[in-house]
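The listed protein sequences derive, respectively, from chains A and B.
Quick note on numbering: this note's numbering labels position 121 of the first sequence as 121, and the sequence is numbered without any gaps.
Adding 176 to a residue's 1-based position in the second sequence gives its number in this note's numbering.
Keep in mind that a hint or two might mislead.
[Said to hold, decoys possible] Listed next, the in silico BS3-like pairs over lysine-lysine satisfying Cα-Cα at most 25 Å (straight line): (1) B/Lys192 / A/Lys157; (2) A/Lys85 / A/Lys96; (3) A/Lys96 / A/Lys86; (4) A/Lys85 / B/Lys337.
Keep in mind that the hints were calculated from the coordinates and are not lab data.
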Amino acid sequence: MLSAEVDRVAATDTGRLGELYLRHADDAVRLAYLLTGDRALAEDLVQDAFVRLAGRLVHLRDPDAFDAYLRRTVVNLSNSYFRRKKVERAYLERAKGEVGARAPAGLDRSLGDRDELWQAMRLLSQRQRAAIVLRFYEDLPERRVAEILRCRPGTVKSLVSRGLETLRSEIRGEDR
Amino acid sequence: MSDDMDDRVRDLLRRKADDLPPHRGVPGSVVSRARRRIAMNALAVVVAAVVVAGGAFAGVRAIVANPPRGLVGTPTPSSSQPSPTLPAITSCTSSQLQAAASLQGAAGSREGSIDLTNMSSNPCTLEGRPTISLLENNRPITSGLTFVASPPQWQVDATPKPPGWPVVTLTSGEAASIRIRWGNWCPQGRAAPQWQVDVGGGPVDVSGMDAPGAPPCNGPGQPSTIEVGPFEPFSAPASGSGP
């Protein structure tokens with residue numbers, strides 16, 4: 001009886017999640033792609049986000065809030081991913097005794113993407129990139145961006161400003 | 177800013193986002209993983225509810241079977257298990273105590289003790305040397321008195337120090353003593369005053385001070401001398417009776 005009830009809840013919520021996926025997945029994958037610059041990774045992050053949110057659908061009182069909820073989850077998962085990668089990289093560098101032998105500064109032309117601005121975005125810190133994407137792609141006000149990044153609006157302004165400055169200097173350097 | 181970096185970034189992001197193909201359906205892996213997660217969450221909620229309900233039921237049964245003393249209003253006989261925490265014993269207050277003097281005539285003075293009995297049902301403690309007040313016509317005598325600190329009776333008698341002293345713990349009905357030696361009450365024939373022992377919460381009237389009468393006036397113009405010892409456990413004189 002308990003098992004049947006759990007199955008019923010699972011079936012109901014899974015059906016609901018399917019509807020939400022079809023409605024919001026495209027936007028979420030685009031956001032994740034802009035945050036990560038990697039399509040496959042963006043797909044994985046969004047699937048993880050939907051699975052994570054699946055267990056919380058019962059608590060979602062306002063269906064219209066799902067969009068914001070999903071956006072925040074995607075940003076958090078993206079940040080977590082890059083934090084994890086940073087730790088892994090640091091560990092591997094230590095293991096190889098290559099501390100200090102960092103990747104060469106500047107743009108990586110080996111990826112086949114000729115859009116220099118897109119390439120330059122790889123040089124931004126994850127938080128700068130997230131602030132710029134949320135501000136210029138999602139068109140969110142600084143206050144909302146600050147809520148998602150869990151910082152103050154002034155910090156968002158600073159992240160965007162410094163990020164843009166980095167992009168400017170990189171583009172100027174490439175143009176010379 | 178003079179350049180148009182904002183717009184360039186905005187255009188770039190939109191262009192890159194538009195490059196991605198739309199989704200046609202829900203990936204099977206998402207459905208299966210989500211279903212597992214939802215089922216686990218639902219199961220966790222049900223288990224938590226069962227645990228809470230079971231705990232509440234057991235708690236109510238325990239209370240009904242063995243109501244706490246504080247809820248029923250009347251003390252219950254002590255159970256086979258002693259209470260793990262005993263209430264803190266507080267200092268005795270004047271409302272708990274009854275004082276009686278037990279003095280005898282000595283060479284030109286009156287000697288003995290004032291005994292304070294705990295009349296309450298709760299234990300309490302006394303410690304240190306009390307303040308003694310003498311009153312005539314219900315007014316404190318403020319001059320002509322000299323108070324002198326004296327050793328406790330157990331030291332005078334050279335007996336072992338009582339356990340716990342200088343703290344004296346009085347259970348209900350137990351008594352503590354103050355060693356007293358009183359001399360030179362002038363002028364001769366002056367009536368014995370009313371005595372009070374000050375403890376926390378106010379003074380305690382001492383009864384029986386007039387039994388042996390006031391001491392004689394041995395030094396007219398000299399103050400009356402009152403030696404006061406500290407609180408100590410009551411020990412009945414060999415020939416006397418307890419409080």
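How the hints compare with the structure:
1. B/Lys192 / A/Lys157: Holds, because 24 Å separates the two Cα atoms, which is no more than 25 Å.
2. A/Lys85 / A/Lys96: This hinted pair holds, its Cα atoms lying about 16 Å apart.
3. A/Lys96 / A/Lys86: Holds. A/Lys96 to A/Lys86 sits at ~15 Å (cutoff 25 Å).
4. A/Lys85 / B/Lys337: violated, 75 Å
The earlier numbered hint that this structure contradicts is number 4, and it is the only one.
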